[in-house]
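Undergrad: Below, each chain spelled out in residue letters.
Protein chains: 2
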Amino acid sequence: MQRRRDRHVAQLVECVPNFSEGRRRPVIDALAGAVEQTPGVRLLDVQADESHNRCVISFIGDLDGVARAALAAARRAVDLIDMNVHAGEHPRLGAVDVIPLVPIAGVSMEACITAARALGAALWQELRIPVFFYAEAATRAQRRRLPDIRKGEYEGLPARLADPDWVPDVGEPTPHPTAGVTVVGARRMLIAYNVNLRTGDVDIAKRIAKAVRESSGGLPAVQAMGVRSTAGQAQVSMNLLDYTTTPVHRAYEAVQAEAARHGVEILESEVVGLIPLDAVAEAARVFLRLRSFDRQQILEAKLMEE
Amino acid sequence: MQRRRDRHVAQLVECVPNFSEGRRRPVIDALAGAVEQTPGVRLLDVQADESHNRCVISFIGDLDGVARAALAAARRAVDLIDMNVHAGEHPRLGAVDVIPLVPIAGVSMEACITAARALGAALWQELRIPVFFYAEAATRAQRRRLPDIRKGEYEGLPARLADPDWVPDVGEPTPHPTAGVTVVGARRMLIAYNVNLRTGDVDIAKRIAKAVRESSGGLPAVQAMGVRSTAGQAQVSMNLLDYTTTPVHRAYEAVQAEAARHGVEILESEVVGLIPLDAVAEAARVFLRLRSFDRQQILEAKLMEE
Chain G
1 MQRRRDRHVA QLVECVPNFS EGRRRPVIDA LAGAVEQTPG VRLLDVQADE SHNRCVISFI
61 GDLDGVARAA LAAARRAVDL IDMNVHAGEH PRLGAVDVIP LVPIAGVSME ACITAARALG
121 AALWQELRIP VFFYAEAATR AQRRRLPDIR KGEYEGLPAR LADPDWVPDV GEPTPHPTAG
181 VTVVGARRML IAYNVNLRTG DVDIAKRIAK AVRESSGGLP AVQAMGVRST AGQAQVSMNL
241 LDYTTTPVHR AYEAVQAEAA RHGVEILESE VVGLIPLDAV AEAARVFLRL RSFDRQQILE
301 AKLMEE
Chain E
1 MQRRRDRHVA QLVECVPNFS EGRRRPVIDA LAGAVEQTPG VRLLDVQADE SHNRCVISFI
61 GDLDGVARAA LAAARRAVDL IDMNVHAGEH PRLGAVDVIP LVPIAGVSME ACITAARALG
121 AALWQELRIP VFFYAEAATR AQRRRLPDIR KGEYEGLPAR LADPDWVPDV GEPTPHPTAG
181 VTVVGARRML IAYNVNLRTG DVDIAKRIAK AVRESSGGLP AVQAMGVRST AGQAQVSMNL
241 LDYTTTPVHR AYEAVQAEAA RHGVEILESE VVGLIPLDAV AEAARVFLRL RSFDRQQILE
301 AKLMEE
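Chains as they are written, first to last, in the working numbering: chain G, 1 to 306; chain E, 1 to 306.
Hints should not be assumed to be uniformly reliable.
Think about it this way: if two alpha-carbon atoms lie no more than 20 Å apart in a straight line, the pair counts; the simulated SDA-like pairs of lysine to any residue are [said to hold, decoys possible]:
hint, chain 1, residue 1, chain 2, residue 2
1, E, K302, G, S58
2, E, K302, G, Q47
3, E, K302, G, R188
4, G, K302, E, I104
5, G, K302, E, R188
6, E, K302, G, Q11
7, E, K302, G, L12
8, G, K210, G, R261
9, G, K302, E, A32
Calculated directly from the structure, the hints in this document are not laboratory data.
What you are looking at is a predicted structure, and each value in this text was computed from that prediction instead of being measured.
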């Protein structure tokens, strides 16, 4: 039937660029508008944080579409953002701080890496912004993680780029005079997942975070920190960088087990932003001990994919 | 953007007619073919059971489309099935035994009831099959449940229809000479959910089923029976008739609690056929203690609905 073909999702990539502007609404709107006006792309979400002075724009489309939309928004960002007068809580290197490409459906990580490299080349050629590649698109091990790349921040860029270890992947080793540097890469979809504890003792959350995060010997592909939630509870705030390696239920159960050592229970957990259907289905599958549960048994998934 | 409107799911109804043929493949193919050839309808699944001598055809579309497809398949069933030579394990009243309409998206139960009544009228007008309305479309309380309507089966129809309590909702009180009677209705999506126990003692499964099913004072909107699974385990086989009343996790936990009284654990559970996304998300939400989890946070759901 023709209808089936029409519904087929050919190639779907999520792009989640972070820009160094979280306060001036007209600037944020201009960035989002540049995305929205790009054919073949759909704007999903715009999140601005005033204290971070940073916004995150989420959109989807095919590889070609999201790359064009990211470039269009970057053009506006270079026009409207001057890093020399930027201040905010969140570490950053440039006006277009980071552009991750995330394969969702019908596209390989390899293809996203290739597209990220091409997008980086275009940022230099058209806008004269030097580019680092990160995550799956990194050209060397020490450029995989954003915290490593961001050391010294925008203000430290002239010294950083002069270091032979930190020559940009694309462009000359001098930051753009107002837009700094951009980090471009490809990564799996990340799940921002917080677990709130039945205690206000943030120190316990910090100890649990240390126990569960990969960097201190915990769960693979998990970043974690202990913070206070807006409601005042101790919170273990995590990024699940690869939910096929460490699924949501395993992060939950690891926090639960560590919390028990401190005599503390889990109050609740929360997903911040988007979560893939497969990650939700996997949690249901594990807790219900479902035998041979197939994503195609979910009515809406079946409707969408054929 | 125009694309958003194209993706909007306007009106989606599932139709799951049961026909009294589970052995003759050409007949089953003819019934499924009648559905597949109806514009605006998409065939999802065809399940035939030889011992039941019965097949279940699942398809979706808008109300108008699924009604036309059901009528087209009924036409073929009247041509090809003679109830006077039909035998099978499953209770049945007619060649087109039952036609349920199930609202999925963008359509009310009320609209499905209206469509079921119109479909019943068409079955009589065109094919001279008397019709009972059941479930949400029932015209009186004793016609809500299929087991009540099916008492006496096809062979008992002449006597049944002569009973003033069992005058058909549409048509004359005489069964169609070869196709009997059809039951048409509207109901919520049903989840077929089985829990396998770590025991081969079917008697325990039967006692658990009795404790959890609505008809003997258990969970609302749950039908349950104890049987032996194909792998030889004791199995509590359930229909969750309204997962918004009794969700999957509550059925699981009720079986778990009852099993514990017999010193038995749950081995695994299984969903037979389709399950709505909301039911899967609810199970994940409950087990992960997710705070304010919104279906729109599931990437694929967000992509589908806008």
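Undergrad: Taking the hints in turn, state whether each one holds.
TA: So, going through the hints one by one against the coordinates:
At roughly 12 Å between alpha-carbon atoms, K302 (chain E) and S58 (chain G) fall within 20 Å of each other, so this suggested pair holds. Simply put, K302 (chain E) and Q47 (chain G) have alpha-carbon atoms about 16 Å apart, close enough for the 20 Å limit, and the pair holds. At most 20 Å may separate the alpha-carbon atoms for a hinted pair to count; K302 (chain E) and R188 (chain G) meet this at roughly 18 Å. About 13 Å separates the Cα atoms of K302 (chain G) and I104 (chain E), which keeps this hinted pair within 20 Å; it holds.
At roughly 18 Å between alpha-carbon atoms, K302 (chain G) and R188 (chain E) fall within 20 Å of each other, so this suggested pair holds. At most 20 Å may separate the alpha-carbon atoms for a hinted pair to count; K302 (chain E) and Q11 (chain G) meet this at roughly 16 Å. At roughly 13 Å between alpha-carbon atoms, K302 (chain E) and L12 (chain G) fall within 20 Å of each other, so this suggested pair holds. Restraint check for K210 (chain G) and R261 (chain G): satisfied, since their Cα atoms lie roughly 14 Å apart, inside the 20 Å limit.
With a C-alpha separation of about 18 Å, the suggested pair K302 (chain G) and A32 (chain E) falls inside the 20 Å cut-off, and the hint holds.
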